[in-house]
Each structure stands twice: as C-alpha cells, then as structure tokens.
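Colleague: Once you've looked at the hints, go ahead and assemble the two chains, each given alone in its own frame, into the complex.
Protein chains in written order, with the numbering used here: chain P, 1 to 294; chain Y, 1001 to 1296.
Source of the hints: derived by calculation from the structure; they are not laboratory data. Treat the numbers as computed from the prediction; the structure is a model and nothing was measured. A virtual CB, placed ideally from N, CA and C, is assigned to each residue, including glycine. Be a bit skeptical, because a hint or two may be false.
[Stated by the list, open to error] Each computed PhoX-like pair below joins lysine-lysine, with the alpha-carbon atoms no more than 20 Å apart:
#1 Y:Lys1015 <-> P:Lys100
#2 P:Lys98 <-> Y:Lys1015
#3 Y:Lys1045 <-> P:Lys129
#4 Y:Lys1071 <-> Y:Lys1238
#5 P:Lys54 <-> P:Lys41
#6 Y:Lys1209 <-> Y:Lys1284
#7 Y:Lys1238 <-> Y:Lys1143
#8 P:Lys129 <-> P:Lys144
#9 P:Lys41 <-> P:Lys57
[Claimed, not checked] Which chain Y residues stay away from chain P? Per the calculated CB distances, all over 10 Å, these:
#10 Asp1184
#11 Asp1192
#12 Ser1195
[To be verified] Label-pair distances were calculated between CB atoms; the ranges are:
#13 Y:Asn1068 <-> P:Ile73: 44 to 52 Å
#14 Y:Ala1084 <-> P:Phe204: 41 to 49 Å
#15 P:Asn284 <-> Y:Phe1104: 30 to 38 Å
#16 P:Phe50 <-> Y:Asn1068: 28 to 36 Å
#17 P:Ser61 <-> Y:Lys1015: 54 to 62 Å
#18 P:Pro17 <-> Y:Ala1194: 18 to 26 Å
#19 P:Lys144 <-> Y:Lys1045: 24 to 32 Å
#20 P:Glu290 <-> Y:Gly1073: 53 to 61 Å
So the chains spell out like this:
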Amino acid sequence: MKSARGRNRFLVACIAPAVILFFIFMILPTLNVFRMSLFEKGAYSPNETFVGLKNFKMLVSDTNFIRSMQNTILLIVVVTIVTFAFALIFAGILSREKIKGQNFFRIVFYIPNILSIVVISGIFSAIYKPENGMLNSIIGLFHKMEEPILWKGESLVMVSIIIAMVWQAIGYYMVMYMASMASVPESLYESASLDGAGRLTQFFQITIPLIWTNIRTTLTFFIISTINMAFLFVKAMTSGGPNGASEVALSYMYGQKDAGLYGYSMAIGVVIFLFSFALSAIVNKVTDREPLEF
Amino acid sequence: MKEKKHTNSTERLYKFFIYLVLALLAISIIVPVVWVFLASVKQNKEFYGNPWTLPESFYWQNFVDAWNTAKMGEYMLNSVFVTALALVILLVVALPAAYALSRFKFRSSKFLNAAFMAGLFINVNYIVVPIFLMLRDGDTWLKKVMGEGFLLNNLVVLAIVYAATALPFTIYLLSGYFATLAHDYEEAAYIDGASYSTTMWKIIFPMAKPSIITVILFNFLSFWNEYIISMTLMSSAKGPKTLPVGLLNLMQAQQSAAQYGIMYAGLVIVMVPTLILYICVQSKLTQGMTVGGLKG
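Next up, chain Y with everything else stripped away, as it sits in the complex (with noise of 0.2 Å):
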C-alpha cells in the first residue's frame, strides 16, 4: 500500500515535469511570434523602452507605410503570382509525368525513373548561380538578337525555376501514389473506349486528388518562402521582387533607418498568409508527413 502511494507520487512528478518542458518549448515558440503581431503596431519610439510592453495603441500606420513605400503590397502581389503560375506549371508537368513512369513500362522508363530520383539530391542552392549564369548568358545573346534580354528579372521565368526545381521531389511523391492503384481502373477505362489521356484525366487524377492537395500544399510554402533564388535572378534594384527579398531588403535598410514598426509590420505581411493556410489545413499538412519526411 504505502508503495504504490510512492510511485502515484513520482508519477504525478513526472508528470508535471513533462508539462513544464512541453510548456516552455510552446511558450518559447508562441511569445516571439504574438510579440511580432504586437511590435507591429507599435510606434517607434516604444521601441527603446522595454520590450515587453502592451503597445500603447494601435498604431496601423506601420501597415500602411510597409504596404506602400516598402513596396510590400506589390511585392505580395508578385509573390501571390509566381506561387500560383509555378503551382499550377509544377502540376500540369509533373502530373502526366509521374503517371507515365509509375504506370507504363517502356524501354527508357527505368532511366528516368532513376534521374528523377537522383534529382532529390540537387539541391537548388548549389545549381543557383549556374542558373543565374546560364540565364544571364541568355540575356546577352537576346540582346544582340532582338534587342532586348528579359530572362533575368521576370517573374514568369522564376516561376518556371521553381516549378522546375520542385519536379523530382513531386514527380517522386506522385508516382508513390500512383504505383498503389490497381491496374483494373484502367483495363475497365480502356474497355469502355476510354483513350489513355481520358483514361488520365477523369479516371486517375482525381482518385488522386489527395496527393495532389499534398503537393500543392508542400510547394505552396516553399515557393512562397523561397529567397535565395528570387534574390539571385531578381537583382536588379528597379525590377520586381518577392516578399521574402523585399523583407529581406527592409530588415537591411531598417538597420541604418531604424524603422521598427514597418520592419515588423513586413513580418506579419509575410508570415500570415502562411498562417491562414496552415490554420485551415493544419490536420492535412501533419498528416502528409509521413510522405513530406523526406524533404527536410
């Protein structure tokens, strides 16, 4: 009796030190989050006192400012473009592509098989600059043919790299779902008379519109968040940029300027679209984790 009293008491030790350290690791990731949403409506000049004050009021200029001479409300518009133009060039190529591969046996499909999965193992950040070189070299020569170069600075050719970049690891993700369907939908679709791209686009694509939401959800974030290759193809100073590069770019000026209050104000225009998203497809986006481990 008085042993088992010992060990309900150890128990309930356990127990609280296991809330406690799960309680520190959810504070310490909620407070600088809510702390961003409030500094974002702080004045100035509260920024030198403590920083754990409630802002005095809400000071919705810093909004403003960030959105129109930060240029963020452009830049969100640039950034809702190539996320969207990407999403939709990544899932009309790699769609028919991981069918075609997982489904079909013909005498190149173990090669590209294979190349594809090789792809997993580039990484973007190491073939950033040959890119940047290539489209560059580009460039040069379209200028001496027509005049004009416009490979550089253009969201629709950002779009293309990031709908390119992103295949191997969709195009794998894909085809994991499709080598689990039976061949019988098809032998059924064919019998009807159904031709192999009806028998794709009304029979299979939409069993698989699971994966499907999978990939756009995974590549939503990422495109959206991307910095490194929309601050190398995206240079020069006048041309269009992405919210993560413009955000970079206030964080830079607002070092010398000292303008707190937009600097955060960007924060929260970047961070909550992602927020919103992952609020309402939370249970979706953990769930597809299993699949997403590989991507790190």
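For reference, chain P alone in the conformation it holds in the complex (with noise of 0.2 Å):
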C-alpha cells in the first residue's frame, strides 16, 4: 500500500499551480467587481474612497446605460430566436435527408466559427461599406438607390450587427445539433412514417423533444455568450458607435473604464453580472421539461 503522506504531496503539487493561477486570475478579480463597485475610483486618484451604492444610483438615471442594456436585451432576444431557428431547422434537414455534398455544407458552414471577431468585422465592414460595398452593390442590381444605404449609420446599426453575429454563430450550433440528431434512433422515423406523420410532424413530436436536453443547455450558455459576443462584436465593428447608437452593456463598461471611472465601470459589471445570472435562471426555469428517454 502506497503512504498517505506522498500521496498527499502528489495531489497538492498537482492541483496546487491550477489553484493559484485560477485564484489570481479569475477568483480575486471577479471578487474585486463586487468590491470596486462600492467605490469611487479614478485613473488619475490613487486613492479609493467608500461611497456605498451610489455608482448604483448613478447608473439608474443614466440614460447612456440604459441605451445600452435596451441593445444588449435587444440582442440577446433576436440573436438567439434568429439563430437557433436556423440552426435547428438547417440540422433537422441535413440530419434527415440524403442531402449530396453533405460534408461539404457541414465544412462551410462552421468556417465562421474559427475566425476571429476581428477579422468577420474586417469582413462585414466590406460588406456594409456605403460606397462600393459588398451588400449595396448586390442591391443596387435590382433596386436603383439615389443614395447608398448606411449600414453602420444610426438607424441600421443595430441590424447590421445582428446579421454579423447570426453569422458567425449558425454553423457552430447548426453542426452540434447534427451530431445529437444522429443520436436519435431511425426506428423512431420509421414508425412515425407508417404512421402517416409528415416531415414537420416528425421534426417537432420527435427530433425537438429527444434533444430537448442538449437544446435547453445550450439556450442557457449561448444567451450568456451573447452578452459577451455582442461585447466583442461592438467593439472591433462600430466601438459603440454612431453617438452610441451600438453601445451595449459590456462595451459601455469598458468605455468607462478607458474614461478612468474604475468604479463606476465596475458597478456595470456587477449589474450585467447579476443580470446574465438572473437570466440563466428565468431560461433554465422556462424549458424546463420532462426529459425524455429513447
């Protein structure tokens, strides 16, 4: 029998470099959110001085936030519906029918994926450039435009960046709902055949209910990701711009932290954390489901 003394030595010096790099890079920063909030805090003042929750309060009348939580939610709802539409109806299909090039579409469809955010918003500012752009000439062929659409101006902003992000995310999600597709039994389809029940019926009486489990997840992380995802889009495609017309929650938050306003940016934070855990919840509550078993 092995000493429970080196086996003790063994597990600390295993688990101990994860421990510490984890606790200095993840634990301690994010408890420091919660604290720095309660604090005002500037670039350019070294000290730190207690206000309670006023950068709370601050945040309640300030209308710039407020703008910029109505697109985060906005994104949030569209992104999601829009893209997991897709994703599931394009997986059913090509999950289900003999589809030729198969492979082929599954490759293509998963390249966005892989690319950074930097260089889809390098793509997508040659798609909407107003002049000789990608989008406006392709326009331009059936409809004669008098003057070039602004797809990054204020009004157009918001869509331009739902299309980018629906984009880059179809093809990850469309790929992994293929492969717990395939999961489901063939002995399901065939009866349901016999059965008379149609290619719709069949998608939603057996394919959505089978993978109900692995959907509902994966509604609950993607909807936290688009907090972010929305973050990194904004910043790289219009840095909240046209006069903010694009800010979202996390990207204001970063806006103040370059202003200098470190407490003030970290309330931000704290709210679009409490928020991002809220929603999880509601989302988790909401499809909850019977799982079912095959």
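Modeller: Next up, the structure:
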C-alpha cells in the first residue's frame, strides 16, 4: 500500500498550480468587481473612497447605460431566436435528408466560428461599405439607389450587428445539433412515417423533444455568451458608435474604464453579472421539461 | 398511380428548395471570405470601382507593406509565441489538476471541483478591468521596489492570463474524460511498483491523447483570435502587440488613410493560420463539438 503522505504530496503538487492561477486571475478579479463597485476610484486619483451604493444610483439615471442595456437585450432576444431557429431547421434537414455534399456544407458552415471577431468585423466592413460595398452593390442590381444605404448608420447599425452575429454563430450550433440529432434512433422515424406523420410533425414531435436537454443547455450558454459576443462585435465593428447607437452593456463598461471611472465601470459589471445570472436562471426554469428517454 | 406522381414532384420541389437554401447559406459564407482574399492582391485604385471585378494583377506589395510597414510580421511572431506559451502552461497546469480532481477523493476535492465549475460562468470580459488594474498596481509597486515595472505590456504575462482564464473549461473537459477511465489501470501500475506521478504521466496521459488534442484545438483558436485581454494589457503604443490587435489598429488607421489593400492583406495574414489548421483537423473539430458544446 502506498503511504498517505506520498499521496498527499502528489495531490498538492498536481492541484496547487491550477488553484493559484485560478485564484489570482479569476477569483480575485471577480471579487474585486464587486468590491470596487462600492468605491469611487479614478485613473488619476490613487486613493479610493467608499461611496456605498452611489455608483448604482448613478446608473439608474444614466440614459447611456439604459440604452446600452436595451441594445443588449435586443441582441439577446433577436440573435438567439434567429440563430436557434435556423440552426435547428438546417440541422434537422441535414441529418434527416440524404443531401449530396453534406460534408461540404458542414465544413463551410463551421468556418465563421474559427475566425477572429476582428477578422469577421473586417469582412463585414467590406460588406457594409456604403460606396462599393458588397451588399449595396448587390441591392443596386435590383433597385436603383439614390443614396447609398448606410449600414453602419444610426438607424441600421443594430441590424447590421445582428446579421454579423447570426452569421458567425449559426454554423457552430447547426453542426452541434446535427451531432445530437444523429443519436435519435431511426426506428422512431420509420414507425412515425408508417403512422402517416409528415416531416414537420416528425421534426416537432420526435426530433425536438428528444434532443430537448441539449437544446436547453446550449440555450442557456448561448444567452450568456451573447452578452459577451455582443461586446466583441461592437468593440471591433463600431466601437459603440455612431453616437452610442450600438453601445452594449459590456462595451459601455469598458468605455467607462477607458474614461478612468473604475468604480463606476465595475458597478456596471456587477449589474451585468447579476443580470446574466438571473436570465440563465429564468431560461432554465422556463425550458424545464420532463426529459424523454429513447 | 396518379397520386404517387404528385408526391414525387412535390418531393422534388422540396429537395430543390432545400438545396437552394443550403447553397445560399454556403455562398453567404464563402463569397465574403474569398472576396477578402481577392481584395488583398488588388491595388488601391481598384477599390473605387465595382467591388465584384477580379484583381487586375497579383499586387503582392500589399502583403510586403502589411508585413513590414504595418508590422504584421512582428505581431505574427508575438501571437505565435503567446499562443504556444499559453498552451504549454495550460496543459502543464490543467492536466495534473484535472487528473487529481477527477480520480482522487480527498478532503477538499468536492469544494475544488465546485469552484472550478463555478469558474465556467466567469467570463473574462467581466474581469478584464480588475486584472488590468491589479497588474498596473503591481507595476507601480515594482517601480518603487526595483525601479521598473514589467507586468503590463509583457507577452509572458499575457500568456499566463490566457492560460489561467482557460483553466475552468479545460479542467472540466479533461475531468470528464478521466472520470470515464476504469481504476484498474492505476491499480495495475501501482502493483508493478509505479509511483503516482509515473502512473499519471506514463499510463493515464497517453490514453487521454484525443481529449488533449481537442483541448489544444479549442484553446489554440481562442488564444489566437482573442483581442480584448490583449488590447487591455498591451495598451502601450510602443509595446508588443498580438495579431488581432494589430489588425484592429490597421483597420482603424485605414479609415483615414484609405489603404484598403494593406488592410485586406492584414486580414488574410490573421485568417490563414486558422484556416490551414481547420482544413487539417476539421473532422476532429466538428467531432469535438459535443464536448465543446458548452463553450459558445
């Protein structure tokens, strides 16, 4: 039998580095987000003063912050619904039908997911360019434009970001759902079509219920990650402009840090943190179904 | 008989419709990417006409300018260094931790497992500001003690931060694999007189190769493409930069200077390594989906 001392020494050696790194670069900063939100701390004043909930009171009346939260919620709702609808439908088709070149489609649809958000925003700036941009030149074929459409102008900028985000996410989720749909036994579909169930019925009565657990987990994670992806896209594509029209919560937080208002910035961080937790709890509750076995 | 014919033609219409939609989606992905590749060899004056013309000639000067003048070559080296170092640190730290946490029961093992699980919910974008402030304060302190601060604008520190923030996901993924192994492997090794660490390095880790490759793939992509942490911790104008941040600066400079060719060359330089990797391992990546499904 091996000695308990040796076992403990081995375990400590294995775990200590991970715990130390995790504590310094994840736990400590997280605690700091909450602590600093109660302080006033600026870039040029080395001292911090405790101000209690003052930062949060300021947030409530900050119209820029409220707009950034509205934009975040808009992105969460629209991007999630569009991405999931398309990803599930395409996955349903590709995993059920005999499609020639199925592999080709799978490989192509996954490409946006491996590109840096900076690259994607570069690609989309070529698409959205008002003069000689790809999108405007295609629209120009069907419909003569007096003025070029300003895709990154104040009125359309959110639509443009939504398109880019869906473009990036759709393939990833499609490939993932294809993997889980492949595990649904063929016999279920066979007996369903003997009973005269059509494709749509099969999709909604067999496929969706059977992979529901998977959909539910990914939905929760997708919603949380949309808050982050929105930040990555906005920062690279528009920096929140024009005139703050595309500002989202995290980019507003980052902007306040650049402005040197660290305490205020962290108060925003706390609000988003709590918001995302509450949201995932709600989604988890709403999507709760009796899991089906097959 | 007649009815059968009818279902056949709707069937064909349905098939056609499916192919149409799939093809449109594929085109919407391929065309912009190929367009960027073509644009990267166009001369600047070609950008003022129809965007769908092919390049007049292969204008390689864009790449030379991007590589040298816009320093993308230097940034490429930085990115290679940071990504490689971060991957090494991550594996050296995460593999033993995941092994110990998933295969051994000890006093705090439950708590530690829960803590790393909770870490899955902490996104770096929330904590990048405190990390920045912590390193900045560290620099101020170092300046007082040693006359010089080296925590910010440091590629090694950046790599450590990357590795640390990837720990929860990586440990989660590896633990999931280790937990499926039978305990017989270790028992047999112990009977043969192998120590704990020999067993871990020689028996267990070689078996975990597929999981390790998945970990490397996912983290390579996320380290290579990351730009928020890099931008925040490497904010000094003269300090080193990684590729995506360099590209972002190039894109912003391009808006005033209108040097489109160089910008698209920069895009290609950032894109190509990930595309090559993807072509080599695409089946692995899409197979790893079910485990990577949580990452978003």
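Colleague: With reference to the structure, classify each hint as holding or not holding.
Modeller: Hint check:
1. Y:Lys1015 <-> P:Lys100: holds, 11 Å
2. P:Lys98 <-> Y:Lys1015: holds, 9 Å
3. Y:Lys1045 <-> P:Lys129: Since the Cα atoms of Y:Lys1045 and P:Lys129 sit roughly 16 Å apart, the hinted pair holds (cutoff 20 Å).
4. Y:Lys1071 <-> Y:Lys1238: holds, 12 Å
5. P:Lys54 <-> P:Lys41: holds, 12 Å
6. Y:Lys1209 <-> Y:Lys1284: holds, 12 Å
7. Y:Lys1238 <-> Y:Lys1143: At roughly 19 Å apart (the allowed maximum being 20 Å), Y:Lys1143 and Y:Lys1238 satisfy the hint.
8. P:Lys129 <-> P:Lys144: holds, 17 Å
9. P:Lys41 <-> P:Lys57: holds, 16 Å
10. Asp1184: holds, 16 Å
11. Asp1192: Y:Asp1192 clear of chain P: closest Cβ-Cβ about 13 Å, beyond 10 Å.
12. Ser1195: Violated, since 8 Å does not exceed 10 Å.
13. Y:Asn1068 <-> P:Ile73: 44 to 52 Å: holds, 45 Å
14. Y:Ala1084 <-> P:Phe204: 41 to 49 Å: holds, 48 Å
15. P:Asn284 <-> Y:Phe1104: 30 to 38 Å: holds, 31 Å
16. P:Phe50 <-> Y:Asn1068: 28 to 36 Å: Once the Cβ atoms are compared, 52 Å apart, the range 28 to 36 Å for Y:Asn1068 and P:Phe50 is violated.
17. P:Ser61 <-> Y:Lys1015: 54 to 62 Å: Given a distance of about 58 Å, which is inside 54 to 62 Å, the answer is holds.
18. P:Pro17 <-> Y:Ala1194: 18 to 26 Å: Taking Cβ atoms as reference, P:Pro17 and Y:Ala1194 lie about 22 Å apart, which means the hint holds.
19. P:Lys144 <-> Y:Lys1045: 24 to 32 Å: holds, 26 Å
20. P:Glu290 <-> Y:Gly1073: 53 to 61 Å: holds, 58 Å
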